[in-house]
Amino acid sequence: MNNKYNSLFDSVTLPNGVELKNRFVLAPLTHISSNDDGTISDVELTYIEKRAKDVGLAINAASNVSDLGKAFPGQPSVAHDSDMEGLKKLAQSMKKNGAKALVQIHHGGAQALPELTPNGDVAAPSPISLKSFGQKQEHDAREMTSEEIEQTIKDFGEATRRVIEAGFDGVEIHGANHYLIHQFVSPYYNRRNDVWAENLKFPMAVIDEVLKAKKEFASDDFIVGYRLSPEEAESPGITMDITEELVNAITKKDIDYIHVSIMDIYSKTREGQYEGQNRLELIHKWINGRMPLIGIGSVFTADDALNAVEDVGVELVALGREILLDYDFVGKIKEGRESEIISYFDPEREDNHDLPPKLWQQLNNGFYPLPRKDQ
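Residue numbers (this note's numbering): 633 to 1007.
Keep in mind that the hints are not guaranteed to be accurate.
Below are the DSSO-like pairs computed for lysine-lysine, each with C-alpha atoms no more than 27 Å apart in a straight line [unchecked claim]:
| # | residue 1 | residue 2 |
| --- | --- | --- |
| 1 | K844 | K720 |
| 2 | K728 | K786 |
| 3 | K720 | K685 |
| 4 | K685 | K884 |
| 5 | K786 | K720 |
| 6 | K720 | K682 |
| 7 | K1005 | K682 |
| 8 | K682 | K964 |
| 9 | K847 | K833 |
| 10 | K685 | K728 |
| 11 | K685 | K653 |
Read the hints as simulated data drawn from the structure, not as lab findings.
Please read these numbers as outputs of a predicted model, since none were measured by experiment.
Based on the provided sequences and hints, a complete structural model is requested.
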């Protein structure tokens, strides 16, 4: 290995004492490849094992905790005890080569897809109409009742229990990307006038329920992380001031890391008192060493990963689109073959980048922005 990359392979110790073997994280990537009922498919197992093999921490795709929250075709489910057989296989595949394996627990809220939910029902903090995953036309979401909110919080706890019983090392609470938890934080989505109008009440309740399940069913080394999106383009939306409040609240809980969902590790705050400052650097400062920060966003080369750690300052680097293109990304750096890393999508590759067919088709159709060989 080129010595300049040594720091990428430093171990990282989480607040609960768990040691990760290096700084690399497999991001929770939507692969649309689970069975239609949300159980784990064979193709999914092959895909995830390859991409988890070299990282320190591996996070499976967003997995719905409730049928009402299903937001993607081929989304994995942790909503039913009948999901357990496949989840156990998934845990084994992800942990096979020494990665700590997590499930990202998720509810789509307003972004749930009517064609995938019972009776086409979609519920959110407040009524709204919007387009979601792959939709050409808007759908309507109704306001959740207080009883449904309470039940959804319990659903996150029950999902955590299943993850524990399936043999995973932890969960990541999905509070990002305009899904349900994010929606409660956002003044754009949350226009309620009851107790749930307080924007941090729902995410903190979910965290508490997950930690309660951990205490009841798992050991102290079970990992609980939280993913957030720092700003919204919508107005009035989540600002960096709101995110500062959220980060301060999260860091008072027994959480093991914060994971920021952005498209570029160098992305800057768009407005307000922090306008023009690097978002990850700000959040890292607010965390103030209380837990590691996972950064993600346009990491396509070994130097990109190094810059995230040494320039931006994050403790852990998540690989998203790049690890879809080259599942040997981490191994090539470790073996001194970083010049051989594949950092573009090649639709002519005979191996289709070793991707599940449906995911390969999405990439080929340009669903996600990617460097491409044919452009």
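Could you tell me which of the numbered hints above are not met by this structure, giving the numbers in increasing order?
Violated: hints 2, 4.
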